Every structure is written in structure tokens, then in C-alpha cells.
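Colleague: Following the hints, position chain G against chain X.
Read top to bottom, the protein sequences are chains X and G. Per the numbering used here, residue 1 is the first one in the first sequence, and the count goes up by one each step. Per the numbering used here, residue 1001 is the first one in the second sequence, and the count goes up by one each step.
Since the hints were made in silico from the structure, they are not lab data. Since the structure is predicted, the reported quantities are computational estimates derived from the model, not experimental observations. C-beta atoms are modelled at their ideal positions from N, C-alpha and C, and glycine is treated no differently. Some hints could be false.
What the hints assert, rightly or not - For lysine to any residue, the following SDA-like pairs were computed, each having C-alpha atoms within a straight-line distance of at most 20 Å:
| no. | chain 1 | residue 1 | chain 2 | residue 2 |
| --- | --- | --- | --- | --- |
| 1 | G | K1111 | X | M39 |
| 2 | X | K96 | G | L1048 |
| 3 | G | K1111 | X | T38 |
As the list claims (entries may be wrong) - From chain G, some residues computed to sit far from chain X (all C-beta separations above 10 Å):
| no. | residue |
| --- | --- |
| 4 | T1005 |
| 5 | I1011 |
| 6 | V1013 |
| 7 | G1016 |
| 8 | G1053 |
| 9 | E1113 |
What the hints assert, rightly or not - Just so you have them, the derived chain X footprint on chain G, three or more residues with Cβ under 8 Å:
| no. | segment |
| --- | --- |
| 10 | 1019-1028 |
| 11 | 1084-1096 |
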Amino acid sequence: DAGVIQSPRHEVTEMGQEVTLRCKPISGHDYLFWYRQTMMRGLELLIYFNNNVPIDDSGMPEDRFSAKMPNASFSTLKIQPSEPRDSAVYFCASSKNVGSPINGYTFGSGTRLTVV
Amino acid sequence: AQSVTQPDIHITVSEGASLELRCNYSYGATPYLFWYVQSPGQGLQLLLKYFSGDTLVQGIKGFEAEFKRSQSSFNLRKPSVHWSDAAEYFCAVGARGGGNKLTFGTGTQLKVEL
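Isolated chain X (complex conformation) (with noise of 0.2 Å):
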């Protein structure tokens, strides 16, 4: 099992720029989340996915911020235009359906995205 996968692991881009960031579940996982990490604010909900469908995306800071999952063993979020203040670190991470949240989460090594 290869884990929760995410690219890039670095990401620096001019403000304005479209950024793209990717993760793969592991295989069986229905449930992805995406999170926000920065000094700030910590750990914030972004988005979640269940069996591809978005489930709450109350999270998402604004219309900039975009995410999909085409299929279950991918996805993707995207920052159009990307500005400073969204310079973070973006971790995605899978657990599967049991019935409870009794297994927790598996998370990715993140990405640290920087905007300049």
C-alpha cells in the first residue's frame, strides 16, 4: 500500500498564476479530504469528497478555490488566480466507509505551495 499520494511535494508560483495540486487515495477509500495547514489558522477543512461526490465544501476560502474527483483514485484542487496569502501547506487525505469515522484518516505528505 503506497499510502496517500500527493503532487507536487513543492510548488512556487507568481501571484496570479493557476495552481494545480493532485492526490490519489489509497485504493478502496471513499471518503477524500482536502485541508489547509498554515501558523495562523492550523488545520482547516477545505473540502470532502464521498465516492467522488462533494459533500461539503463550506470550507473552500473562496471562488478561486476549486476541487473535483473525476474518478475514486483521483483528484485534484485548483487555485485560480493564486495570490500570497494562499501560500500554505495543502495535505489531502482517504479513510473508507464503515459506518463510523473509527479508523481515522490517512494523510499525504502534503504540498507546500508558495506564492510570490
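Modeller: What follows is chain G alone, placed relative to chain X:
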């Protein structure tokens, strides 16, 4: 809705000393409780979890946590800290019937002095 509080933002202990990190939760029934550890530059790794049964649970890396319903707490402990334990620790709570959604605390940064 459930919530979780980690009162200590930073804690410093000497290597070999005992450790206790505090976690308080708010939830009307018996919750699912978790502790995660995040080493620098890494993702979060599950240390241990509680959902029912014995209120003292053992985890990886020599950590344990005790669920105390009367105090709404799930504190993390380790009898002797190693320098490699320096990391950030997150407590999380999940609700029964709440799907797979977890609510995370703000984290406690642990520094270990040699």
C-alpha cells in the same frame, strides 16, 4: 456539532521526562477520539484511537491516552520522552452517525530539550 480543544500551544520537556498533552472535547455521546503526530515536513500519522471499551488505549511509539468521560478529556501521555518525539500533536474527534468527518484541534507543538 463536536469540537475539540488543545489548551497548550507549546510544551517543552527534557529528554527522559514524562509527557502529558491535554485534549478536551465537546460531544453529547461517546465520541471517536484520535491522536495524530506530525513530524516536520511530514503529513499527520495516527498514534492511537479510542471508540469504546478500555478507557486506556495504547498506541505506537510508546504513547498512551486515557478517555475520561467525566472530564471530557482524552490526554496523551508518554512516560519517558525521546528527542525524536519533538513534533506537533493533534487531537481529533469524530461523531457517531456523523459519517467519516473528523474535527481536529489546533495542535500542540512539543519541543524536547536534550
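Colleague: Each hint should be assessed against the structure and marked as holding or not.
Modeller: Do the hints match the structure? See the list:
1. G:K1111 to X:M39: Given pair G:K1111, X:M39 holds - Cα atoms ~16 Å apart, limit 20 Å.
2. X:K96 to G:L1048: holds, 17 Å
3. G:K1111 to X:T38: With a Cα-Cα distance of about 19 Å, the restraint between G:K1111 and X:T38 holds, given a limit of 20 Å.
4. T1005: holds, 12 Å
5. I1011: holds, 16 Å
6. V1013: Answer for G:V1013: holds, closest chain X Cβ roughly 22 Å.
7. G1016: About 30 Å separates G:G1016 from the closest Cβ of chain X, which puts it past 10 Å; holds.
8. G1053: Given that every Cβ of chain X is farther than 10 Å from that of G:G1053, nearest at about 12 Å, it holds.
9. E1113: holds, 22 Å
10. 1019-1028: Violated, because only 0 residues of the segment 1019-1028 of chain G bring their Cβ atoms closer than 8 Å to Cβ atoms of chain X.
11. 1084-1096: holds (count 5)
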